[in-house]
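Enquirer: In case you want the letters, here they are:
2 protein chains.
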Amino acid sequence: MGKSMLDLVKECDNFPYFEDNPEHYTSLLSSYYIFKVNGCDAALGYIPQSVVERFFWIESEWKVDPTSRTVTLMAAPDATPEARTEIMSRLLADAVRRDTFEVLKGWRHEMYPIYGPGGAYLLEMERSASPLFGIATYGVHMTGYVQDDEGVKLWVARRSKTKQTYPGMLDNTAAGGMSTGEHPYACAIREAAEEASIPNDVFSERAKPVGVITYFYVRDARAGGETDLLQPEIEYIYDIRLDPSHAIKPCDSEVEDFRLWTVDEVKQSLSGGEWKPNCSMVIIDFLVRHGIITPDSEPDYLEIVARMHRRLPFPTASFKVR
Amino acid sequence: MGKSMLDLVKECDNFPYFEDNPEHYTSLLSSYYIFKVNGCDAALGYIPQSVVERFFWIESEWKVDPTSRTVTLMAAPDATPEARTEIMSRLLADAVRRDTFEVLKGWRHEMYPIYGPGGAYLLEMERSASPLFGIATYGVHMTGYVQDDEGVKLWVARRSKTKQTYPGMLDNTAAGGMSTGEHPYACAIREAAEEASIPNDVFSERAKPVGVITYFYVRDARAGGETDLLQPEIEYIYDIRLDPSHAIKPCDSEVEDFRLWTVDEVKQSLSGGEWKPNCSMVIIDFLVRHGIITPDSEPDYLEIVARMHRRLPFPTASFKVR
Chain W
1 MGKSMLDLVK ECDNFPYFED NPEHYTSLLS SYYIFKVNGC DAALGYIPQS VVERFFWIES
61 EWKVDPTSRT VTLMAAPDAT PEARTEIMSR LLADAVRRDT FEVLKGWRHE MYPIYGPGGA
121 YLLEMERSAS PLFGIATYGV HMTGYVQDDE GVKLWVARRS KTKQTYPGML DNTAAGGMST
181 GEHPYACAIR EAAEEASIPN DVFSERAKPV GVITYFYVRD ARAGGETDLL QPEIEYIYDI
241 RLDPSHAIKP CDSEVEDFRL WTVDEVKQSL SGGEWKPNCS MVIIDFLVRH GIITPDSEPD
301 YLEIVARMHR RLPFPTASFK VR
Chain G
323 MGKSMLDLVK ECDNFPYFED NPEHYTSLLS SYYIFKVNGC DAALGYIPQS VVERFFWIES
383 EWKVDPTSRT VTLMAAPDAT PEARTEIMSR LLADAVRRDT FEVLKGWRHE MYPIYGPGGA
443 YLLEMERSAS PLFGIATYGV HMTGYVQDDE GVKLWVARRS KTKQTYPGML DNTAAGGMST
503 GEHPYACAIR EAAEEASIPN DVFSERAKPV GVITYFYVRD ARAGGETDLL QPEIEYIYDI
563 RLDPSHAIKP CDSEVEDFRL WTVDEVKQSL SGGEWKPNCS MVIIDFLVRH GIITPDSEPD
623 YLEIVARMHR RLPFPTASFK VR
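Sequences listed follow chains W and G, in order. For the first sequence, the working numbering gives the first residue as 1, with consecutive numbering after it. For the second sequence, the working numbering gives the first residue as 323, with consecutive numbering after it.
Check before you lean on any hint, since a few could be wrong.
[Unchecked claim] BS3-like, lysine-lysine: derived pairs with alpha carbons at most 30 Å apart:
#1 G:Lys475 x G:Lys589
#2 W:Lys153 x W:Lys63
#3 G:Lys475 x W:Lys276
#4 W:Lys267 x W:Lys208
#5 G:Lys642 x W:Lys153
#6 G:Lys332 x W:Lys10
#7 G:Lys475 x W:Lys153
#8 G:Lys642 x W:Lys10
#9 G:Lys530 x W:Lys153
#10 W:Lys208 x G:Lys475
#11 W:Lys320 x G:Lys332
#12 W:Lys208 x G:Lys485
#13 G:Lys642 x W:Lys267
#14 W:Lys320 x G:Lys642
#15 W:Lys267 x W:Lys63
#16 G:Lys642 x W:Lys3
#17 W:Lys276 x G:Lys530
#18 W:Lys267 x G:Lys589
[Unchecked claim] So these bits of chain W aren't anywhere near chain G, every CB distance computed over 12 Å:
#19 Ala95
#20 Asp201
#21 Ala221
#22 Leu260
#23 Glu303
These are computed hints drawn from the structure, not numbers from a lab. Ideal placement from N, C-alpha and C gives every residue a C-beta, glycine not left out.
Chain W extracted, bound-state conformation (with noise of 0.2 Å):
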């Protein structure tokens, strides 16, 4: 027996509901310390209680409350998000010194967002942090594919063998994080050039947003690092229709090979549990909105659509200010 597409988003969206079980959920909560920015009240991410009892706080600059289990950054109200910024990078700067947490050696050099109320941007870190305050991130992933008489055949990325994360794993099309100040399309279209070497007038003419996958990821040992952190993401998602004579070619060492696989093939992997874990999200969610995954053939349609578009209970990006 393979693994059921519910299991696969279960594995991505792992983190429990209240409504399943009220206790549980408030007992798992009670581990966390919420964190906060000064002068805002919204909650910007969980941070296990272990983690809270090693960084080095700075009195001055942070507020752990025990009582009301938050993490406070203590900018002033009004600050500026750079000085939050500050605030926030010599705590990190420090852990690295003291060697405290083992996703910092995977420190990255890219600094990713958080947003408050409305989308009001409030600070960045670096992202190998962002797991061990818990908060939201932001990535695309896009999924190119060709349409004809025969039907649909998707282009699939298998990471190489020698990638830190999930080597030899099937991979989207192409993905990428988005770092501060990066919108989705032109992230998107960036990183279908890297990864893909797909040129930004294809990319214009033939990709279009097609929606977003959000859930809540609770980090185990596959991830390496820490576990018990807390990854709730968001991956904007882009279809690209290619012409069947356009062959997507690898662009960097990243990875393996391209190829373009039917419909069966690609559930077949999925079943096997070939694709790194968020990508066969990914997928699920293409070939949901193709017509291929239907609620006549698929026993969990419901709870696979809703979970692969989970309102995260922290403020988001708002890319269009109102």
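Put chain G on the given structure of chain W with help from the hints.
Expert: Then chain G, alone, in the frame of chain W:
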């Protein structure tokens, strides 16, 4: 200022979220009783206390427990669905006789199914009574569209001015509720023929299932009848790409006319509040999947997509048993 896309979504998905305000959520929920059937632990719906107080519960058939705030249908744990349905039907017939509820004046003579964990069919009940118990209900909505070099155009229906609910408002190409035993595809192909005169062969060649929208609606005065009744709804979505030469015509007196609208006309009519509320969500979902509403241009993109795919706190249907 017209209505934003998020305003429209919030008109349908207006039951609060636990995470937004746990105290408010918990206090609101405590004004409802949980509907259960004997032998099954799952909550199947929420009944307002005011409704619980007005039914005449036969003690041998129902257990109303103010402590656990549950109303349990007391057929034997291994009773057949028919046996449970009889108990429910007796209760409702009695309420009709006593003229207890406004909503029962719209008796539909149509039975809606109730499912337990794993999609097990438990019982059925009269459609017009479903909001009294707050059970999840199922339907299909479909959008006929034409796509050419100029872009996408959508087939929009206008409801008859004499219709009881939402007279004169805009509506999807076709839609309908799924009664007991009906599966999504069968319901969709039937409604396409009945409401939009789309022949079965055209539907089977050109329609595809493209997802499902789910939301948790609290009835207000506009819906008619008692307020604060709950309607968690599940609408399977179909797109039908029609030939430009295919003109859709009304089939019965429910629809005043069909017109092919440009995307700009559709957007304006959404902003103007001209659509029946849940139909506007179907259109928003269409515009998201077709790359017309984009994350770069819609400020509330994430909130919109997540709330149109709400995970309901009840067991739901599975049309293919594993």
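Enquirer: If a hint holds in the structure, say so; if it doesn't, say that too.
Expert: Verification of the hints:
Our distance criterion of 30 Å between C-alpha atoms is met by Lys475 of chain G and Lys589 of chain G, whose separation comes to about 12 Å. About 53 Å separates the Cα atoms of Lys153 of chain W and Lys63 of chain W, which puts this hinted pair outside 30 Å; it is violated. Taken as a hint, the Lys475 of chain G and Lys276 of chain W pair is broken in the structure, with Cα atoms around 38 Å apart against an allowance of 30 Å. The straight-line distance between the Cα atoms of Lys267 of chain W and Lys208 of chain W is roughly 23 Å, inside the 30 Å bound, and the hint therefore holds.
Pair hint Lys642 of chain G plus Lys153 of chain W holds up; C-alpha atoms about 25 Å apart against a cutoff of 30 Å. Between the alpha carbons of Lys332 of chain G and Lys10 of chain W the distance comes to roughly 27 Å, so the proposed pair stays at or under 30 Å and holds. As the CA atoms of Lys475 of chain G and Lys153 of chain W are separated by approximately 27 Å, the hinted pair is consistent with the 30 Å bound. Between Lys642 of chain G and Lys10 of chain W, the direct Cα distance comes to roughly 20 Å. Compliance with the 30 Å bound is thereby established for this hinted pair.
Between the alpha carbons of Lys530 of chain G and Lys153 of chain W the distance comes to roughly 17 Å, so the proposed pair stays at or under 30 Å and holds. Restraint check for Lys208 of chain W and Lys475 of chain G: the C-alpha separation of about 17 Å stays at or below 30 Å, so the hint holds. At roughly 19 Å between alpha-carbon atoms, Lys320 of chain W and Lys332 of chain G fall within 30 Å of each other, so this suggested pair holds. Taking the CA atoms of Lys208 of chain W and Lys485 of chain G, the gap is near 38 Å; set against the 30 Å cutoff, the hint is violated.
A hinted pair counts as satisfied when its Cα atoms are at most 30 Å apart, and Lys642 of chain G with Lys267 of chain W qualifies at roughly 17 Å. Under the criterion of a C-alpha separation no larger than 30 Å, the hint pairing Lys320 of chain W with Lys642 of chain G is inconsistent with the structure, at around 41 Å. In summary, the hint linking Lys267 of chain W to Lys63 of chain W is not supported, as the alpha carbons are separated by about 49 Å, beyond the 30 Å threshold. Taken as a hint, the Lys642 of chain G and Lys3 of chain W pair is honoured in the structure, with Cα atoms around 17 Å apart against an allowance of 30 Å.
Distance check on the hinted pair: Lys276 of chain W and Lys530 of chain G sit about 28 Å apart at the alpha-carbon level, within 30 Å; holds. For the suggested pair Lys267 of chain W and Lys589 of chain G, the alpha carbons sit about 37 Å apart, so the restraint of at most 30 Å is broken. For Ala95 of chain W, the non-interface assignment is confirmed: its Cβ lies about 29 Å from the closest Cβ of chain G, beyond the 12 Å cut-off. Distance to chain G confirms Asp201 of chain W as a non-interface residue, since its nearest Cβ pair spans about 17 Å, more than 12 Å.
The beta carbon of Ala221 of chain W sits about 27 Å from the closest Cβ of chain G, which is more than 12 Å, so the claim that it is off the interface holds. With a least CB separation of 21 Å from chain G, Leu260 of chain W remains clear of the 12 Å interface cut-off, as annotated. Not every CB of chain G is more than 12 Å from the CB of Glu303 of chain W (nearest about 7 Å), against its label as outside the interface.
Violation of the numbered hints given earlier is confined to hints 2, 3, 12, 14, 15, 18, 23; the remaining hints are satisfied by the structure.
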